[in-house]
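As given, the protein sequences belong to chains A, B, C, D and E, one line each in that order.
Position 111 of the first sequence, counting from 1, maps to 127 under my numbering, and the rest follow consecutively.
Position 59 of the second sequence, counting from 1, maps to 322 under my numbering, and the rest follow consecutively.
Position 63 of the third sequence, counting from 1, maps to 120 under my numbering, and the rest follow consecutively.
Position 186 of the fourth sequence, counting from 1, maps to 818 under my numbering, and the rest follow consecutively.
Position 275 of the fifth sequence, counting from 1, maps to 280 under my numbering, and the rest follow consecutively.
Just so you know, the hints here were simulated from the structure itself, not pulled from any lab data.
The beta carbon of each residue, even a glycine, is placed where N, CA and C say it ideally should be.
Honestly, I wouldn't trust all of these hints.
Unchecked claim - What follows is a set of in silico ranges between Cβ atoms, one per label pair, in the way DEER data are often shown: (1) D/N899 to B/P358: 24 to 34 Å; (2) D/D1203 to E/T308: 41 to 51 Å; (3) D/K891 to E/T308: 19 to 29 Å; (4) D/E850 to E/T308: 22 to 32 Å; (5) B/A397 to D/S1008: 40 to 50 Å; (6) C/L105 to B/P358: 19 to 29 Å; (7) D/S645 to C/L105: 29 to 39 Å; (8) D/G1102 to B/D502: 24 to 34 Å.
To be verified - Cross-link-like lysine to any residue pairs, in silico, SDA-like; alpha carbons within 25 Å at most: (9) B/K500 to D/P1100; (10) B/K467 to C/D161; (11) D/K738 to A/V152; (12) B/K407 to D/P1100; (13) D/K816 to D/N692; (14) A/K133 to C/K170; (15) A/K144 to E/A304; (16) A/K133 to B/V357; (17) B/K355 to D/D1027; (18) D/K1204 to D/K738; (19) B/K408 to B/Q334; (20) D/K874 to D/V856; (21) B/K500 to B/G518; (22) A/K76 to E/R328; (23) E/K230 to D/N1242; (24) B/K408 to B/A397; (25) C/K170 to B/A291; (26) D/K1071 to D/G1190; (27) D/K948 to D/Q882; (28) D/K1090 to C/K170; (29) C/K76 to D/F855; (30) C/K76 to D/C1035; (31) B/K467 to D/R1120; (32) B/K330 to E/R328.
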Amino acid sequence: MPVEKEFRPKIVAFCCNWCSYAGADLAGSSRLGYPADVKIIRVPCSCRVNPMFILRAFEKGADGVILCGCHPGDCHYSTGNYYARRRMTLLFSLLDYLGVEEGRTRVEWVSAAEGVKFSTVMNEFVDKIRSLGENVRLGDLRCKN
Amino acid sequence: MKYSYYPGCTLRTKAKELDTYARKSAEALGFTLEEVENWQCCGGVYPLGTDEVATKLSSVRALRDAKEKGQALVTLCSACHHVLKRVNDDMKNVPKVRDAANLYMGEEEPYMGETEVLHFLEVLRDKIGFEELAKKVVNPLTGKKIGAYYGCLLLRPGQILGFDDPENPTIIEDFIRAIGAEPVSYAMRNECCGGYISLRDGEKAQNMCDAIMENAAGFGAEMLLTACPLCMYNLNKSDKLPVYYFTELLAEALGVKEAE
Amino acid sequence: MSKHDAEMIREISGVNPLKCMKCGKCSATCPAYDEMDIKPHQFVSYVLRGDIEALADSKSLWKCLSCFACIERCPRNVEPAKLIDAARQAVIRQRGNEADLSPDEIPALLDEKTPQQLLVSAFRRYRR
Amino acid sequence: MQRIGVFVCHCGSNIAATVDVKRVVETVKKEQGVVHAEDYPYMCSEAGQALIAAAIKEKNLGGIVVCSCSPRMHEATFRKAAERAGLNPYMVEIANIREHCSWIHKDMEEATEKAVILARAAIAKVHLNSHLQPGESLVTKRALVIGGGIAGIQTALDIAEAGYEVDIVEKTPSIGGRMSQLDKTFPTLDCSACILTPKMVDAAAHEKINLYTYSEVESVSGFVGNFSVDIRKKARFVDMNKCTGCGLCQEKCPSKKAKSEFNRGLNTRSAIYTPFAQAIPNVPVIDTESCVKMKTGKCGLCEKVCQAGAIDYSQKDEIITEKYGAIVVATGFDTINLDQYGEYAYNESPDVITSLELERVMNAAGPTKGHLERLSDGKAPKEIVFIQCVGSRCDDHRGKPYCSKICCMYTAKHAMLIRDKYPDVNVTVFYIDVRTPGKNFDEFYRRAVEEYGVNYIKGQVGKVVPQPDGSLLVQGSDLLDGKQIKMRADMVVLATAIEPEAGVRKIATMLTASIDTNNFLTEAHPKLRPVESPTAGVFLSGVCQGPKDIPETVSQAGAAAVKVIGLLAKDKLLTNPCTAESDTLLCNGCSVCQNVCPYGAIGYEDKEVNDHGIRETRRVAVVNSALCQGCGACTVACPSGAMDLKGFSNRQILAEVDAICR
Amino acid sequence: MQELVKRAKELLADGTVTRVLGWKKGDLAYNPEPAFFENEEALSEFVYDSFCGANLSKYMIEASKKEGKTLVFLKPCDTYSFNQLLKEHRVLREKAYIVGVGCAGKISAEKMKEAGISGILEVEGADALNPSETLKVKTLYGDKEVSYKDVMLERCHVCKGKDHMIYDEIIGESRDTLDGDRMEKVREIEAMSPEEKFAFFQSELSRCIRCNACRNVCPACSCRKCVFDSTKFDSAQKANVDSFEEKMFHVIRAFHVAGRCTDCGECSRVCPQNIPLHLFNRKLISDMNEFYGEYQAGADAETKGPLTAFTQDDIEPSEARERG
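In isolation and in its complexed conformation, chain A is listed as follows (with noise of 0.2 Å):
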């Protein structure tokens, strides 16, 4: 019987400077680990990533995409998170609309102080993409066949 290989996937977390970045360094000075799937972009804010960044993770393998920021009423910019959670809110929306996966996509608020939720937040994250599979259906969504 030929062994399956077991799936790794490829997941982009986006995270604020301020807070989600520092919560990650916080998570990895405190050894709390998370599957190396997880490879994390820095932003100033999570009001810098744009839906475009994300269905561009997705087009180009990516089988998650995690945004995190600071709490809403913490932004280090006073209002960029209210922002990112509309935007994110309708995108997220339209992706099930077009029948995506839910789950793939996420948005957790993680303060500079919580490493732990960051680590649970990840490997919460990286077991529901694992059990989702490999995402085709972004790629495949495509206007020319």
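For chain A, the structure is supplied; the task is to place chains B, C, D and E on it using the hints.
Chains B, C, D and E only, in chain A's frame:
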């Protein structure tokens, strides 16, 4: 207003008066207790083990029946109250128990903890209102100094039962005020009466109840009120103070005690 | 009983004994403290050590009143009563009828006022 | 195509133990544009930096990637190193292969693979980096201190001594804070007021310090060096300039039933009041809740008796707007609410009190004039029980998970003072651990035991049962003796957990300073930048950052002041060059970006453009880079993609995405 | 129609406007096209009938750059687009003289084809304000009849109303044509399983030939340079047909116009492949209305759109999903 009613084993036998007075009072207050058909004993104690399912099924059935009737489920006995609320919480929040129980019962529509479980006292407080109750009192127990005895099962664990502040409860005191008497507060009102230890070690239970009564009497209580048949049994081992079911005094205050 | 049982007790109880900070509030609170040979705050150590044999033989299992005071007051959410109950369960499951209460001895323990609730609870705790 | 150098740090074994750094070097060498790659045990060391500089010069590198710890640690270090070697500092990218890789993974294969991918993403990004030049902004040479306790006072004094203007905003009628409520202080038993009041006077008298008491911060805008703050001066109904502080109004005021905040509600005060005798300013305020005149329109006694004519019932709240270069948060703490701890009978028995209440009881200006007596019946207690860790170290729904840090020491102080003054009183302390790290601290605690005979029992108390005879039955554990103790006490003192002052979350939000789940403000780095908030220009002083005692608070207050002075000493600040920028040719002038900009940094101009031969005047967005803080909200709102963020451009981020998903 | 021409001539004559933006006859009976008329003579080509569905608002961007005022004829639904463009400073109010024209619902040759009528030569009864209930159509294959309603554009069945949101004067009365629920299809798709949804959209989108007709007609897609044509979002592989934008074109486009799209329906009207593109926009509109309160882009020229506003207690993406 109609409620599903879960009397429990003891109210059928040794604690009939707890039940009878409750039904009479309910009628006087304008609500009806509809006994759940074919209810089974709740087991008396809530099984703490996370892998226990079978022992919770009788409660789940009663809860499900109440849900089907679209009613809240009311109990009088502290133990039933404790078990039903905790099982309900499991069905709502613990997927492992919920899935196993639903699988076992094989119902089409799974039970997800939708039923509201209420102790009779909560009905008085939250549905009727103690102010309303006070208005219906025809025979106020003026001058009586009464100590509320809560024991364990009404209150703990506070977060799941949501009955009252587990360390500093006031619901029975408010009830006592509503029926015209004077509540006597004392710190040991939420200490254990000895529970089932009295089966093996009556003396131990008696010592515990003595301490409770001494504390209550010291603050001027002339009698104690309880909602639990087991507490009643244990407290009666001590002869310092008379003990009544809260429903008895309720029926008396509402003037329906003797009515048949 | 063995290490394996320690695992089982952690599993059944859902308690993480490592959360305990040994403050002793459970023992301070317990109404059955004086009757217990292993005190409430010590349960966690037995489970951590895997010394379930001693725990199983302890009379403390049958002295706990399930009053939940230690659960309510534990500042670390360790909830020793859950460990006790799990140990009791483990013993009952393994020893079956040898458990603490036999039906034969019951009639002698009753009086006319004994409420059903007492019997039912005692049976659940001591036997089931 | 940039010529790129990659530098992989071992960080001793921190990285090298989990990441095969040699393999990272070999793999990234194959990446497009990488002309140099090497590893080194400590890249941040002088030798490591020299290595980078040498490579930049020798290989004529146009961009570098350092694979090391978090950019939050050493990005600045490596940028400076690059700059010294003649490379624009913004041509440096960091691949975080420590916090985000070696420290969280165990498998070397996996970690190495991830490190390579993170390096590739950084390489892909640095290809698109551009030479950025920071701008400059002016610094307003004035500081704001929020909170007038010992932390705020000390910070303000230190800043003022350096010659800068400081304003203190204090929400209560007087500065002084919690320390003014204390009787004695550990570990030397100084009288708290004796050492605090001179500082209060100094602050009030300092020509560079301006006090806004009975005032609160209403809103904050701006950024480091250029904050603009609205301060609400609550109506005192007493004219600060006319009042002589004679106190007659307080004496004559007929409404004396309001609970004294200063005495923790243990006694009452008049409706017009100064919180305590040494209050600064010594100008009373009228509490509208209890003032008869305010409630009914009748009375007006204070106005009649005031010879200075200082009473003014028509006073209104006033909003003052001030500009500051730096802001220090020194909002302090309070004790937690004990409603949930019914087992200790705090709400039931007046003889169960908190330690802070005991401070007032012990104080000569307190409700019992300094006599140790039971608040229920005024009798002298014979048996006092102290309970430690009430609400501290609680990982449940009731308390706080942290150690409040000061309780062990102040309890030893209380026990000692009581035994000293009332040798016939027995003192028992129930403790979980006695924590005494600090100079002369353990000695102090041992004195309580050895010299004063305080009875320390290891074990928590389960319940306090008020008895009919008025005594308290304390049921606790003696874990060392293996006993359950039931003892009678006349008083019980609860070492109640402390928590940040209630309003701090609101203030943190206004300042966009980060705050943790326990409402303590987060420091920029837990070890290396403990008095700075991650928000530039905002500093932390005292308990708002974490539990601490007076000496620690004062040290931190001084440290915060030094940071402020360092900032105010500069005439100009270099601004973050990673600001938004609009491409004139792509801009529609649609104003969407302006709508989402939190800084009002985007304006519009009619510009003459030459769009591939079409010459026209267009309305286009223009970013004021002095105001822009670089959040990027506008870049996503912009429909045409005209708005982009320097340093985090669309193409840069997409390049990272591509590299990771490759 | 004559009334419109008369008024246009008056306004040209008295110098109020320097040109007229309207529709002119096409080469076939059913394809009038947007046109500028620079003088009275040119107006002989002017037409306004039931086939004049085209929204002229977007042409006002160009017109705003020209000397003098432009008279523009706008149907009620077109005025939303005009307002939105006004809000975004793309058109200048002072450069426009808006004559709000009445509308009785518009029809299209595409719809006729769907109803089985092709080779159209002449259509009788397609009056802009007072069309016949039954249209008489001369075709290459003989005379046919068809109910007006049956060939009306989808957007007219879910008409936003008879009121013009902005105008200088109004000529002609409009008619109620609303007889459908514009979110019906959206709800239907929402109720599908993820597999069904995916299959649906994949089959629709796979017909796309990237002709850009949707983009060109869309009043919200008025960027000087579309992001799909700029290098801002692409690091390397332009011109690769399988690139990112190609796959995600419609998703990204829908997101770009979210909060700005007035649901004018032009995208679906002009799509040569009949892809129901409005279903993307309507999903976003439906979500925004549900999550952030009712909002109609272009109802005025001031209110901030839902994506440039927020409240502190907005729904979380996860909650929205649970509801969804």
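How the hints compare with the structure:
Range check, D/N899 to B/P358: Cβ separation about 54 Å, and the 24 to 34 Å hint is violated. Take D/D1203 and E/T308: their Cβ atoms lie about 44 Å apart, and the range 41 to 51 Å holds. The supplied range of 19 to 29 Å is broken by D/K891 and E/T308, whose beta-carbon atoms lie about 49 Å from each other. Distance hint for D/E850 and E/T308: a CB-CB separation of about 28 Å, consistent with the stated range 22 to 32 Å.
In this structure, B/A397 and D/S1008 break the distance hint of 40 to 50 Å, their C-beta atoms being roughly 31 Å apart. Checking the proposed 19 to 29 Å range against C/L105 and B/P358 shows it holds: the Cβ atoms sit about 28 Å from each other. D/S645 and C/L105 have their C-beta atoms about 31 Å apart, which keeps the hinted 29 to 39 Å range intact. Between D/G1102 and B/D502 the C-beta distance comes to about 26 Å, which sits within the given range of 24 to 34 Å.
At roughly 22 Å between alpha-carbon atoms, B/K500 and D/P1100 fall within 25 Å of each other, so this suggested pair holds. A distance of roughly 22 Å separates the Cα atoms of B/K467 and C/D161; the hinted pair therefore holds under the 25 Å criterion. Between the alpha carbons of D/K738 and A/V152 the distance comes to roughly 30 Å, so the proposed pair goes past 25 Å and is violated. Restraint check: the Cα-Cα separation between B/K407 and D/P1100 comes to about 18 Å, which is no more than 25 Å; the hinted pair holds.
Our distance criterion of 25 Å between C-alpha atoms is broken by D/K816 and D/N692, whose separation comes to about 66 Å. As the CA atoms of A/K133 and C/K170 are separated by approximately 55 Å, the hinted pair breaks the 25 Å bound. Between A/K144 and E/A304 the CA atoms are separated by roughly 42 Å; this puts the pair beyond 25 Å, and the hint is violated. Our distance criterion of 25 Å between C-alpha atoms is met by A/K133 and B/V357, whose separation comes to about 21 Å.
Using a Cα cut-off of 25 Å, the hinted pair B/K355 and D/D1027 holds, with the two alpha carbons roughly 24 Å apart. At roughly 46 Å between alpha-carbon atoms, D/K1204 and D/K738 are farther apart than 25 Å, so this suggested pair is violated. Restraint check for B/K408 and B/Q334: not satisfied, since their Cα atoms lie roughly 36 Å apart, outside the 25 Å limit. Of the pairs offered as hints, the one joining D/K874 and D/V856 is violated, with about 37 Å between alpha carbons and a cut-off of 25 Å exceeded.
Taking the CA atoms of B/K500 and B/G518, the gap is near 30 Å; set against the 25 Å cutoff, the hint is violated. A C-alpha spacing of about 30 Å is found between A/K76 and E/R328, which places the hinted pair above 25 Å, so the restraint is violated. About 14 Å separates the Cα atoms of E/K230 and D/N1242, which keeps this hinted pair within 25 Å; it holds. Our distance criterion of 25 Å between C-alpha atoms is met by B/K408 and B/A397, whose separation comes to about 17 Å.
Note on C/K170 and B/A291: the hinted pairing is violated, with a Cα-Cα distance of about 29 Å set against a maximum of 25 Å. At most 25 Å may separate the alpha-carbon atoms for a hinted pair to count; D/K1071 and D/G1190 meet this at roughly 19 Å. For the hint linking D/K948 to D/Q882, the alpha-carbon distance of about 21 Å falls within 25 Å, and the restraint holds. A distance of roughly 43 Å separates the Cα atoms of D/K1090 and C/K170; the hinted pair therefore is violated under the 25 Å criterion.
About 43 Å separates the Cα atoms of C/K76 and D/F855, which puts this hinted pair outside 25 Å; it is violated. This hinted pair checks out: C/K76 and D/C1035 have alpha carbons roughly 15 Å apart, not beyond 25 Å. A threshold of 25 Å between alpha carbons decides the hint, and for B/K467 with D/R1120 the separation of about 22 Å falls inside it, so the pair holds. Annotation: proposed proximity of B/K330 to E/R328 holds, straight-line Cα distance about 23 Å (limit 25 Å).
Comparing the model with each numbered hint stated earlier shows that hints 1, 3, 5, 11, 13, 14, 15, 18, 19, 20, 21, 22, 25, 28, 29 do not hold.
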